[in-house]
Amino acid sequence: MESLLIQLRRDLHRLAELSFQEKETQTYLFSRLKELGLSPKVCAGTGLVLTLGEELPGKAIMFRADIDALPIQEETNLAFASKNKGVMHACGHDGHTAMVFGAIVWAYQNLHRLARPLKFVFQPAEEQGGGAKVMVDEGVLSNPEVGEAYGLHLCNRLPSRKIGLAPGIFSAFIDEFSLKIYGRGGHAARPYLCVEPIVIAARLILESQLILTREINAMHANVLTFSTIHSGERFNVIADTCTMEGTMRSLSREDRQFILKRLSQKIMAMEMEYECKIDFELKSGYPAIYNDSECTGLVAEAVTDVLGEGHILPEIMGMGGEDMSYFLERVPGCYFLLGSGGTHLTYAAHHNPKFNFDESVLMAGTEIFCRLIEKRAMRKEG
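The sequence shown maps to residues 0 to 381 in numbering that gives the first Met the number 0.
Hint data in this document are derived by calculation from the structure and do not stem from the laboratory. These numbers come from a predicted model, not from an experiment. Just so you know, not all the hints are guaranteed correct.
What the hints assert, rightly or not - Straight-line distance between alpha carbons at most 20 Å, and here's what the computed EDC-like set of lysine to aspartate or glutamate pairs gives: (1) Lys353 - Glu328; (2) Lys260 - Asp174; (3) Lys179 - Glu280; (4) Lys33 - Glu53; (5) Lys282 - Glu328.
Whenever a hint applies, use it, and build me the whole structure from the sequences.
See below:
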């Protein structure tokens, strides 16, 4: 099995494709499943869904892998480096896919023991498209109805085979925003005749940080980052407008709502004070992942069965986002981290052009999935 997992991962790594463009990846997975005598169905354009034991009673147990890559030029010099210029599996989705495929192989070999349906999801567009939501909208959680959903993410900031696992909120609520400030431009030598959009932007950036540091409990994790700011073309001209973009991350729905309310109030106050106009556009991103306590306990048992005691760390994804949340806001389940950084964390970070991971953990992740299947969906032998 281990050699199969590594081969699959390397084949997928070569095929790296962007969100909703995973056509070769889809074709590869389809053909490999066909070789086993299985018939997956297309979902969300470039995704696949495979159900085993569809005729069995009870709700299905679902396992999900994301299959898309990132717009990064690979610099690993690996023999199996991406063949597609400017596109790279720099987040481990090739590994996720290989592990779910491995679980399919094992489950199919033990099909005679299956007591309830299993559903395996190869999801497109986690990185840049919300492919999980598209799959949900197309009915992936029905026919047969899904009762629990599981997934994992490789994590190079954890030593190999250490497991990041915790019940409750596991990743952040994510929002994107943009602002455009309409001031009144003029000569840089006479700012008193102007309404300077850059000054307004600077004040707004600084005052917004006070929401986090002075108006919310310091023990709560929140981020409000202004990532871009653009205004003007010349040193001696005050521009009419200034545009900004940024992101907001929260581990609490209540904090998120409070920050948005206070940010809106500060924008309105700036408009009144400077007699300017500020357009504020919010684009809600992925909701937070919420791990069901019972399902998290089942994962903990499976991890201990496979790896032994002492491998679980109370680690969460933190302020990162993951569209696995679209599945887990509809059905109970658990998402966890599988350490892949080697013994001494020698592998490059995720989203880095030199990213790679310890391939020996692929077997561990597959075995955890298989143990979950055995515990939740199979009859005991004998």
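Against the structure, the hints come out as follows:
1. In summary, the hint linking Lys353 to Glu328 is not supported, as the alpha carbons are separated by about 34 Å, beyond the 20 Å threshold.
2. For the suggested pair Lys260 and Asp174, the alpha carbons sit about 14 Å apart, so the restraint of at most 20 Å is met.
3. Simply put, Lys179 and Glu280 have alpha-carbon atoms about 9 Å apart, close enough for the 20 Å limit, and the pair holds.
4. Using a Cα cut-off of 20 Å, the hinted pair Lys33 and Glu53 holds, with the two alpha carbons roughly 17 Å apart.
5. For the proposed pair Lys282 and Glu328, the alpha carbon gap of about 19 Å is at most 20 Å, so the pair holds.
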